[in-house]
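Student: Residue-level listing of the chains:
There are 2 protein chains.
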Amino acid sequence: MMTIFLKTLAATLPASIVRQKLSYTPGALKIDGKTFELSAERGIHLFGSGKAAVETARAVAQILGQNLRHGCIVSNYPASVEGVEVLESSHPVLTEKSIAAAETLIEKLSRLSEDDFFIYVLSGGSSALIEKPIPPVTLSDMQILTKGLLANGVPIDEINIVRKHLSLVKGGRLGRLTKASGIVLVISDVIGDDLEAIGSAPMFFDRSTFYDAKLVMKKYGLWENAPDTIKKLFEDGVSGRFEDTPKTINDKIEHFIIDSNVKALQRAKGYAEELGISAYIMTSRLRGEAREAAKVIIALGEEIAARREPFPTPVILLFGGETTVTLHGDGKGGRNQEMALAVLNEIKESPRFVFFSAGTDGIDGNSDAAGAIVDCESWKTALKLNLKIDDYLSRNDSYDFFAQTGDLIMTGPTGTNVMDIAALFVG
Amino acid sequence: MMTIFLKTLAATLPASIVRQKLSYTPGALKIDGKTFELSAERGIHLFGSGKAAVETARAVAQILGQNLRHGCIVSNYPASVEGVEVLESSHPVLTEKSIAAAETLIEKLSRLSEDDFFIYVLSGGSSALIEKPIPPVTLSDMQILTKGLLANGVPIDEINIVRKHLSLVKGGRLGRLTKASGIVLVISDVIGDDLEAIGSAPMFFDRSTFYDAKLVMKKYGLWENAPDTIKKLFEDGVSGRFEDTPKTINDKIEHFIIDSNVKALQRAKGYAEELGISAYIMTSRLRGEAREAAKVIIALGEEIAARREPFPTPVILLFGGETTVTLHGDGKGGRNQEMALAVLNEIKESPRFVFFSAGTDGIDGNSDAAGAIVDCESWKTALKLNLKIDDYLSRNDSYDFFAQTGDLIMTGPTGTNVMDIAALFVG
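In the order they appear, the protein sequences are chains Y and U.
Residue numbers are given in the working numbering: position 329 of the first sequence equals residue 329, and the series is strictly consecutive.
Residue numbers are given in the working numbering: position 185 of the second sequence equals residue 612, and the series is strictly consecutive.
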């Protein structure tokens, strides 16, 4: 099982993904079987934003070699990439850095001519890393509104409708500022891989309208006290005095989802089958409280173990997505380790199961582990050390539990993120 | 979907189950393909305890007709069954009634000769309905200990180890008090259908020991302050001065699980397939917080809807078991309605899903509904009526929500219980 995870993770690194998908020979860029004929002399511009920008850009730059004309990406951490300017911006909270970074990208993209070609590497986190409010809306107006949206428990998809209508870069607006052609290489950290959602879609388009955005604010009672600049903008938008977000795709810019949770699960399935074990992708949309999701996952496994239904043994059930953790204590851990601990609490001494859950970004919660892997040996070790699972769960202290049983999965940050993957082996 | 549920429920009624499994011709009793040759003159004795005792006994009595020599069952509600004495006892809390009922059964079973034959109908709830502490342990001693066990969060399987070692009827002891032969018709309301667990196994045997029982009490710090009668009994048990629970089955008494959650799910699967829809039993061991289990179930359904993995559409996923509800408010509802409401919160206006969850006993939580059934029409109705799912969930008020949308499943009490069944249709 550990092998399956590590192979999957290795294949999920941007270096692997990009090398597998993208190739360049002077005058021709190939991606996913599609060829773009390019002028060999003009070279290719490289842009990007998101938590995977650095590693993806690095891999792209290596493939382009001398043909990389110029590069500029926005990252959440400092890094250097040969031939590429790396702007460090802020995440997850928007700051002036986000605005400066957006302004740089806007300027560079606007300056390109229609004969230019660019590659934009897009990944999760981009929404906070680059932002530029539509004047005269200010950063502070945005912050006031965001606070209100969050305080009123507005669902994330409705928050995004509002945000996209305040921004010069989101909802496809950035893609309209350039005359150049290009491709967007997308690493999805979003359930369902919706291109309108990933990184707030700077280069795509947006089906929601100013009218929808105003409706969300009214629905949650936020309209009356909203900053005047925002009310004026939305009213101008509704009446057509200010243009809405693009409703169609810019046909000079093509998007390619180069990696996603489903693709990672498909790779895991492949590696399981190489080992001669049938594997099924149960979902790439896992969500809910980690310790409760664990109980349902093990309930599926127990049925297979007891009655070989709906699959015969041995089998691996694959789950992807992102669960959540409601904090009860101040322990160390994350949703993956907590789910593994809750699974261990159910499988106990049964030798029929092995389970792991880990973040593909290599970081789980407030710990330096990616996740954990458990089986009956973990249970026996915990018994020997007199570790009580319920105690560790009640403190959200899964990391300290697994540090003692030796079941942490430590990979270090991977520089990418396609959410979490989990697998239950039933033998 | 409603048809599938109602057909399944109809087939789950003890009258259906018993009629299908049991037949009698003078001199021969047939159950599950096995024949017991009996003296036609002596007739058959009928005993029983549990929440399904009345309906099961009624069905058995009808099949036996004139050959029912005598009957006595213990129920949690008043009822009359022709030819059978019905003792009303207390549930879920043990009282003097439980002791009186146990004494009656002990006396009647002890009086049978080795030429007699009995049928014992056993179902969930039996643990509280019949009880007789081993003298000199008193009911009050038991109550003190039980309070301590519950207050210390002792898991139910460990509570049962302790309880079985205080009892003259549990853990197989009742079955040792009779010289007669017999069969036990079991309706399981226990995950995994463990005969050592169902109704505390009055006629089966028990692998746990006085030593284990003492260990549980020590583990949870309950030994020191336990009533002296109990400490003395356990020490006598550990040292062999008092005989432990039977460690082998009484070979004159055979158990037949005539119904269970898995059997109900198998029937549901059959009815789905009659309608031309593939169905899979995903688990009969569902557990965890209802609203969180809902999210995992719908995550499975969405993957099928989006990618036809691991099953092609249309398909029905079947789930059985018992979830739990953590109370946040004082609303009306139960785990089934709450799970249906949480599922509705995820499927919203999607026309690809229909979901139901209902208790096979016909009673869900503190309501008179068995459960609820939801699809996009429920969502639309809720929108029209301006019902906010989050509000109803936060008050645990799923019943009042579905009373307004018209999605309650009302069956009335069924007189049996094989836990809950839930199904997700993905089209």
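Bear in mind the hints are in silico, worked out from the structure with no lab data behind them.
Just so you know, even glycine gets a beta-carbon here, dropped at the ideal spot from N, CA and C.
Mixed in with the good hints there might be a few duds.
[As the list claims (entries may be wrong)] Partial list, computed: chain U residues near chain Y (C-beta under 10 Å):
1) 496
2) 719
3) 722
[What the hints assert, rightly or not] With beta-carbon atoms standing in for the labels, derived distance ranges:
4) 655/U <-> 348/Y: 28 to 36 Å
5) 384/Y <-> 854/U: 49 to 57 Å
6) 461/U <-> 383/Y: 24 to 32 Å
7) 192/Y <-> 461/U: 51 to 59 Å
8) 16/Y <-> 831/U: 35 to 43 Å
9) 574/U <-> 388/Y: 18 to 26 Å
10) 313/Y <-> 505/U: 29 to 37 Å
11) 16/Y <-> 579/U: 21 to 29 Å
12) 26/Y <-> 854/U: 26 to 34 Å
13) 388/Y <-> 854/U: 39 to 47 Å
Student: Determine for every hint whether it applies to the structure shown.
Tutor: Going down the list of hints, with the structure as the test:
1. 496: At 39 Å from the nearest chain Y Cβ, residue 496/U fails the 10 Å test, so the hint is violated.
2. 719: This hint holds: residue 719/U lies near chain Y, its Cβ roughly 3 Å from the closest one there, short of 10 Å.
3. 722: Since chain Y brings a Cβ to about 3 Å from residue 722/U, closer than 10 Å, the hint holds.
4. 655/U <-> 348/Y: 28 to 36 Å: Holds: the Cβ-Cβ distance is about 34 Å, inside 28 to 36 Å.
5. 384/Y <-> 854/U: 49 to 57 Å: Taking Cβ atoms as reference, residue 384/Y and residue 854/U lie about 51 Å apart, which means the hint holds.
6. 461/U <-> 383/Y: 24 to 32 Å: Violated, since residue 461/U and residue 383/Y (Cβ atoms, about 42 Å apart) do not stay within the stated range.
7. 192/Y <-> 461/U: 51 to 59 Å: holds (53 Å)
8. 16/Y <-> 831/U: 35 to 43 Å: violated (53 Å)
9. 574/U <-> 388/Y: 18 to 26 Å: Distance hint for residue 574/U, residue 388/Y holds at roughly 22 Å.
10. 313/Y <-> 505/U: 29 to 37 Å: violated (48 Å)
11. 16/Y <-> 579/U: 21 to 29 Å: Once the Cβ atoms are compared, 52 Å apart, the range 21 to 29 Å for residue 579/U and residue 16/Y is violated.
12. 26/Y <-> 854/U: 26 to 34 Å: About 51 Å separates the Cβ atoms of residue 26/Y and residue 854/U, which means 26 to 34 Å is violated.
13. 388/Y <-> 854/U: 39 to 47 Å: holds (46 Å)
The structure fails hints 1, 6, 8, 10, 11 and 12 (numbered hints given earlier, in ascending order).
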